[in-house]
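Dock chain Y against chain D, hints included.
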Amino acid sequence: MRRNAPWYLLAVLLVALVAAGCATAPAPAAPGDAGAAAPAPAGDVVTMRLATVSEPSTLDPNLAEDYFSITPIEQMFLGLTNINNETSEIEPELAESWTISEDGTVWTFNLRQDVTWSDGNPVTAKDIEYSAKRAVMPETASPYAYVLYSIKNAAAINQTNIPTDTYDIDSLGVKAIDDYTVEFTLEAPAAYFESISSMWTLRPVPSWAIEQFGDAWTEPENIVVNGPYKLVEWRPGEKLIYEKNPGYIKADEVQIDRVEVSLITDQFTEVALYESGDLDVAGEGAASLPAEEVARILADPTLSAELHQGPRASTTYVGFTMTKAPFDDVLVRKAFSAAIDRETMVRDVVGSGVPATQFAPPGIFGAPDPEVGIGYDPEQAKAWLAEAGYPDGAGFPVVTYRYFANSLEEALAQALQAMWKETLNVDVQIEAQEFPVFLAGTNPDVPVEEMPEMWRLGWGADYPDENNWVYEVFHCTDSQNRPRAACTEADEKAKQASIETDPEVRKQLYRDVEQLMFGEEVRVAPYYHRGYTILAKPYVQRAYPTFAPVNWDTWRIEQ
Amino acid sequence: MATSTAPAPVLASPARRSRTLLFDVVMRLVKDPFVVICVLYLAALIVVAIFPSTFAPLSYEETNFPDKLAPPMSYATTPKLEGFRYIMGADRLGRDIFSRLIYGTRVSIAVAFLGAGISFAIGLTYGLVAGYSPAKVDNMMMRIVDIIYAYPTLILIILLQVFLTSLAQQPAESLGALQTLLVTLDTRSGGLFFVFVAIGAVSWLNMARLTRGQTLHYREQEFVQAAELVGANNRRIMWRHLLPNIIGTCIVAETLAIPAYIYTEAFLSFIGLGVQPPMPSWGSMIADGYGALRSAPHIIFFPALALSLTMLAFNFLGDAIRDAMDPKLRDR
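Listed in order, the protein sequences are those of chains D and Y. Residue numbering for the first sequence follows the numbering used here, starting at 1 and increasing by one per position. Residue numbering for the second sequence follows the numbering used here, starting at 1 and increasing by one per position.
Rather than coming from a laboratory, the hints here were simulated on the basis of the structure. Note that the structure is a prediction, hence the values are computed from the model and not measured. It cannot be assumed that every hint is accurate.
Said to hold, decoys possible - Now the in silico label distances, taken between C-beta atoms and shown as ranges: (1) D:Glu379 x Y:Gln179: 38 to 44 Å; (2) Y:Ser59 x D:Thr488: 38 to 44 Å; (3) D:Pro189 x Y:Ser59: 56 to 62 Å; (4) D:Thr265 x Y:Pro152: 20 to 26 Å; (5) D:Glu194 x Y:Ser59: 51 to 57 Å; (6) Y:Ser166 x D:Gly395: 22 to 28 Å; (7) Y:Met73 x D:Gln255: 48 to 54 Å; (8) Y:Thr54 x D:Glu422: 22 to 28 Å.
To be verified - Quick look at which bits of chain Y chain D covers, simulated, 3 or more residues with Cβ under 8 Å: (9) 63-69; (10) 82-94.
As the list claims (entries may be wrong) - Straight-line Cα separation of at most 20 Å, EDC-like style, residue types lysine to aspartate or glutamate; simulated pairs: (11) D:Lys421 x Y:Glu62; (12) D:Lys126 x D:Asp114; (13) Y:Lys80 x D:Glu422; (14) D:Lys421 x Y:Glu61; (15) Y:Lys80 x D:Glu379.
We put the CB at the ideal spot given by N, CA and C, even for glycine.
Isolated chain D, as found in the complex (with noise of 0.2 Å):
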């Protein structure tokens, strides 16, 4: 009997194992009927289910900076100009109409005069002035005060060294001329500030709300709100749930009127709960799916008709860190670039977008078409190893690249690795971090010793022009410029093209910057533009934009 005992559990154990294996294969056949299935109605009252794999940082719209923030952020506060989502073309929202001064340099909007708050109050354009305000104010630290810098006097306020120096905040160019107007005095001429009025940085904010909670006024029973939605309920670590806002201007035309979005941080188990019928859209949460669950998606009869891929305005690229050795050498640089196969990335390691050789992707204003950069050429890649001292790979130090923890970016490295490996024969160790810890150890602040000499980055588009892209990401002074690059004859063309107003001397001028930056010196490697995949049931009627958040009270469930 003693002997026979480990026999007979090591039968269980192998048909366990097995069964468990095959168990897996047949299980997606499952989710046809799922599909067909219509959200559970709770009463009359149109509930949508989305998911998300982070909870908002922040619902303050002078604070926000990442996608899982502004996308709340769109549906509860209203800019003066919307980006609609069908055409990205700009559209009035809170402004009705706008002017222009001659020289370019002031800009006036009339406001509608029937918005209101969610507490009754009119929305005026002293709500304007003031969310304008604090957003520059240094003691406010909001990311994403550098959008702002077009208007006069902006940089200054909000680079102030408090609290030692101090600063004139009525200096900033912005004033209620009365309720309902509101002038814009810009440092310069610039085309763009009409992108710039529609993001959330600019939009009005209740300052008595502010002044009452302070930094709880966007907890769900403090928000004061002017948009189609409203928080009601925000259960940490579980989901957040929206209603529509019976005060919004356009509440008749608003369908749906519950929004629960459950916070999944694994997207396969986002898909599982699509196809259960548990969620209406999935990918949503992080605009895309793994490749894996694309590759089963696509292979399915029902889920791939569900299935939605486009491009997004967003590229991702490798870092290089240029005052470090070996990358110090720009013919370091550009064999890297040229050695990384951006077709094969694209189709087989990520399962969406395009290829990427320059920064700005396609629909950005200002973005040369066709692309300017290096591509993939594996040979010329060699060429230039060796010129810069390393014959294949001989010599050449054993160097890293940092990415943040993700299913996708691990293999995205791991396939850069294989890449450099191959094509150049170099050794490169590949760290991963998570991502805040990621993102600061990148700083320009970093001591150089501790940066990695290459790590992964990508942009994506918060207004559409290359301003927001070649200016704002890599100019030398004006931005963070995370690659350390030098000053150059780039930064002198694009800093000119954000004061230009001739569109077609911008077009001129970006295309030698982008081709500068990314053909010539290498300041990074852009590899790729972001695309979505999103599922979504067919019972729901929506828009897929390329860059601007989503417009919830745009959508439809069609029962």
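Showing chain Y alone in chain D's frame:
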């Protein structure tokens, strides 16, 4: 008290046929076909771990992107691999899972030997010395063990890794000899150095406790007193009289502890503290596959199977050795 329950090999009863304990144990083990299978399986693993390139059809880092997520037994689509079959399929980057599994064996077998080696080298000596020393010394030595035992292993590894990363980022000239050695060791071992350190740091503790307990038991017995009487020195008593009596128990305990070392490595690699990609270990392969459990279950299945079978084999073998060495079960 008689010595009948614990016959030392040196004092083997003349009434029994003249066989050594080892011979007895081995004879009893080979009679059990199940044990033979376990031993053959583990021997095969060791051979595979020593010569992975002989058995693996491809390199562990060779990526064939078009064959990503290829199911088991499918053919490669890239021209340079014409006619090649992915026996266990391919992973997300189109790497052959069978080849990676074989290379991953190295890591598991290495930690098994390392854990056992340190355990015997440090734990056994430490326990023996503590157990045979005066009470004060014994007490002090065992409190040290308690302190190390109480320290959380995971935090120890993370701290060591942070320390090493900051070392590795400093210019090579400014490093001392020991620091350079640490950085070199970590690079050479594919990022496994601290997994080794972690397993090494904790593996000998249990062995030290066990050995000390056993030593306390035997040091009061007549054959030790006899040896002391004829003037044997401490070292001779410990190595020639005490050790042969307790080594059997220690071997059994160690065989049963090996699965824990393998598991620790797999766990650390799973959470990303182990091997440096693209070097595979079973734990990191399981981590690669767990997300794709529904879409590509073969990625996680084979490394998980290999891990389970290996841990089972060690467990069963340890069990069988214990039974074979237990005098109460003799001649059944």
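TODO: Determine which of the earlier numbered hints do not hold for this structure and return their numbers in increasing order.
DONE: none
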